[in-house]
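Visitor: The working numbering applies: residue 6 is where the sequence shown begins, and numbers increase by one.
Don't take each hint at face value.
[What the hints assert, rightly or not] Distance ranges between label pairs, derived from CB positions:
1) S17 / K60: 13 to 23 Å
2) H36 / Q57: 30 to 40 Å
3) D42 / I75: 40 to 50 Å
4) Q19 / A71: 19 to 29 Å
5) I75 / E53: 30 to 40 Å
Hints are computed from structural coordinates only; laboratory data are not their basis.
Note that the structure is predicted; figures quoted are calculated from it, not measured.
For every residue, glycine included, the Cβ atom is placed at its ideal position computed from N, Cα and C.
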Amino acid sequence: MESFLPIPDSPSRQYLLCVHRHLNARLHELHRLRMDDPKLAKILREFEDLTQLTKELVEEVAIRLATEHISPT
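All chains should be modelled from the sequences, with the hints used to inform the complete structure.
Guide: Below you can see the structure in the form of structure tokens.
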């Protein structure tokens, strides 16, 4: 799996599409593998890493969106 750069300050559409493509590719691979396939453990580790990255990205974007809409009183 390609390594990702740290989450940018303003994730671009291209960055988000890249994460989306990787998630879809791993899901597709999981659907094709059998339970006794030796590649399964590797794919699951990669999927876990990608899922963690996606979780962090979503949290970061959610925090930014929430704080952008809070106006000082």
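Visitor: Against this structure, judge whether each hint is valid.
Guide: Checked hints:
In this structure the hint that S17 and K60 lie 13 to 23 Å apart at CB holds, the actual value being about 19 Å. Between H36 and Q57 the CB atoms are about 21 Å apart, so this pair departs from the stated range of 30 to 40 Å. Look at D42 against I75: about 49 Å separates their beta carbons, and that is inside 40 to 50 Å. Between Q19 and A71, the C-beta spacing of about 24 Å keeps the proposed range 19 to 29 Å intact.
Distance hint for I75 and E53: a CB-CB separation of about 33 Å, consistent with the stated range 30 to 40 Å.
When the structure is compared with the earlier hints, a violation turns up for hint 2 alone.
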